[in-house]
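Assemble the whole structure, with the sequences as input and the hints as a guide.
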Amino acid sequence: MKNQISDASDFTHTRIPKLSQLDTLLRCHICKDFLKVPVLTPCGHTFCSLCIREYISVQAKCPLCLTELRESMLRSEFLVSEIVDSYKVIRDKLLDILRQSEEKTTDPDPDSSIIEVGSGPEDSLIENDNQNDDTCDDIQILQSNKPTSLKRTYTDIASSSLRTLPRSKYFKANIPVKRSSTASRIDSMLKKPVELVPCPICEKYFPVKELERTHLDECLTLQSLGNKPISLKQTSHKDEPVLNRSTVMSSKKSIPTGGLRTTKSREEGEVEEEISYVDKYINSTTDTEHQRLPKLDLPSMTITQVKQKLSNLGLSTAGTKQNMMARYNYYEILWNSNFCDSLNPVDVSELKRQLLSWETSRKVHNIANSSTSIGNLMVSRSANRHHDYKKLLDNFKTDKFNRKEWCLLFRKQFRRLIKDAKKGQISRLSKNEPIQESPKDEQLTDPDLSNDLFEKLDDQVHIP
Amino acid sequence: MSKTAQKRLLKELQQLIRDSPPGIVAGPKTEDNIFVWDCLIQGPPDTPYEGGVFNAELHFPKDYPLSPPKLIFTPSILHPNIYPNGEVCISILHSPGNDPHMYELAEERWSPVQSVEKILLSVMSMLSEPNIESGANIDACILWRDNRPEFERQVKMTTLKSLGF
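Sequence lines, in order, name chains A and B. The first sequence lines up with residues 1 to 464 when you count with the UniProt record's numbering. The second sequence lines up with residues 1 to 165 when you count with the UniProt record's numbering.
Don't read these hints as lab results, they were simulated from the structure. Each hint should be verified, as a subset may be incorrect.
[Said to hold, decoys possible] Result set (SDA-like, lysine to any residue): computed pairs, CA atoms no more than 25 Å apart in a straight line:
hint	chain 1	residue 1	chain 2	residue 2
1	B	Lys118	A	Gln21
2	B	Lys7	A	Trp358
3	A	Lys36	B	Asp63
4	A	Lys352	A	Gln305
5	B	Lys3	A	Gln354
6	A	Lys61	B	Lys11
7	A	Lys18	A	Gln100
8	B	Lys3	A	Lys18
9	B	Lys62	A	Asp33
10	A	Lys88	B	Arg18
11	B	Lys62	A	Glu350
[Unchecked claim] Short, incomplete list of chain B residues facing chain A, as computed with Cβ under 10 Å:
hint	residue
12	Thr4
13	Arg8
14	Lys11
15	Glu12
16	Gln14
17	Asp63
18	Leu66
19	Ser67
20	Lys70
21	Thr74
22	Arg109
23	Ser111
24	Ser115
Fair warning: this is a prediction, and the values are worked out from it, not measured in the lab. Backbone N, C-alpha and C fix where the C-beta goes; we use that ideal spot for every residue, glycine too.
Shown next as structure tokens:
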């Protein structure tokens, strides 16, 4: 389970520990997860839309600075939303790469030389605040692209090689730097890790720098002279999507349609998606079709009025007035968060499903302590099995899931599956490896085993 | 709702496992219920609680982090801000809505941005600096105020006893 929980401290043992700050900043302070449909408060803080709306319904204050806050003050932040989404996509890979390069750094293999120093663009972002004086000149020469990262690479290379001279790879990298009076040397050094990217116009491959400095202009001039058909291809290098984008945008092309090509194919999907996040942001508009649901003064309404309101929205009118009020209030939160804040709102039926699952999780919590609910289920099992299974399934993903009942309910299927599985196992192995323990009672109480079975059972579940 | 709470608790747990502040250990009591945690809190140095290791239970509400958890020392310890039943009474554990004593600053109270770690750190500082203005255990308050040596002696005795001496 731990693997599924990402945490900012994941970065503390990589080459860029300070990325954990970025990771933290992209999280909601209420759920500690990445911001989901972020909204901005007037006091300048950002939370998940659902989290803050739920909190406001309890306490009309910003959780961070405690200033007054009402739901109507919240404004959605499409940019942050897309930043978070695109970050989430690359996060795992980023971690992998950073961890790998961490291992490599400690690996004293002399063959892993210069290329490794800058093998990924992430590597060039190593923070290093010591700046040698002689770096400044080089920054000027290199500044056309990413001055900070280039500067840092250089500083890092230089300083780390000074610190740890025996490290041959840094030493190698250091040589051209020390003698460098010309930009080309550094360039050639830095260019090595840089992959070729296709020109958006002629689609030929060039190093990024050359492409941006000279080739694009040339190509554009040529093209405007020759009136060649424009082929829209987005240039991008994975660490410079914005830069490339602006290049393309400034050349008066319509919004790029993706189709990036880097030499490393595994990056393709990733960057393509990143571009779509940019598109999504640029094309973002709020949903005007759905009106904000108003806050209602439900307590002062009569029960028929409340029922009226709920049925107008197509919601269930079951339960006490208290239940209905809670239902409306949560639905209002869901609705407003979805239609007012979200960039890609889901439709009403999905909202209702969410409302239902919220309600069941609440209900179960309320009756969880009364063991009678289980007893009732047991009694009615044979009579109303279908109903039972649905009831159980409601909590399938929550901690309230009644595993035992579920096992009992489907024990026939379970037994059959176990039998099948054993047959398969025996025929497959045809060796005297220990066969899984057999009696049904054990199976029923063995949570791990039944967990596996649940997965297999998933298809069968729909049969009753 | 409880899903949010679960997720968030798992996150906090992970964070605590990765780098827990010195003198604090905390985690769920049993694997199947993440809403009750067991904590071990080390008595801060230069206090009568020094050298002791105190056991406490954290009870999280289902709507955590909207509402604060409860912290209960098991067994209870002698302290001006700990009720005789072991429940800790400090501002970070009070939601801003109800202020039974009316003298807690809103910014010291519970808000979802607080965390288990912060609560336990507050408890550590509470152990070293009791706040008798919002006392929970009146006897302990009076003892602490009027007869510090006796208070310290009693605390040391219970601490030693809890360690099996």
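Verification of the hints:
no.: 1; hint: Lys118(B) <-> Gln21(A); verdict: 18 Å, holds
no.: 2; hint: Lys7(B) <-> Trp358(A); verdict: 15 Å, holds
no.: 3; hint: Lys36(A) <-> Asp63(B); verdict: 18 Å, holds
no.: 4; hint: Lys352(A) <-> Gln305(A); verdict: 21 Å, holds
no.: 5; hint: Lys3(B) <-> Gln354(A); verdict: 12 Å, holds
no.: 6; hint: Lys61(A) <-> Lys11(B); verdict: 24 Å, holds
no.: 7; hint: Lys18(A) <-> Gln100(A); verdict: 17 Å, holds
no.: 8; hint: Lys3(B) <-> Lys18(A); verdict: 30 Å, violated
no.: 9; hint: Lys62(B) <-> Asp33(A); verdict: 18 Å, holds
no.: 10; hint: Lys88(A) <-> Arg18(B); verdict: 21 Å, holds
no.: 11; hint: Lys62(B) <-> Glu350(A); verdict: 24 Å, holds
no.: 12; hint: Thr4; verdict: 5 Å, holds
no.: 13; hint: Arg8; verdict: 5 Å, holds
no.: 14; hint: Lys11; verdict: 4 Å, holds
no.: 15; hint: Glu12; verdict: 7 Å, holds
no.: 16; hint: Gln14; verdict: 5 Å, holds
no.: 17; hint: Asp63; verdict: 8 Å, holds
no.: 18; hint: Leu66; verdict: 5 Å, holds
no.: 19; hint: Ser67; verdict: 8 Å, holds
no.: 20; hint: Lys70; verdict: 17 Å, violated
no.: 21; hint: Thr74; verdict: 21 Å, violated
no.: 22; hint: Arg109; verdict: 8 Å, holds
no.: 23; hint: Ser111; verdict: 4 Å, holds
no.: 24; hint: Ser115; verdict: 8 Å, holds
Going down the numbered hints, you'll see the structure goes against 8, 20 and 21, while the others check out.
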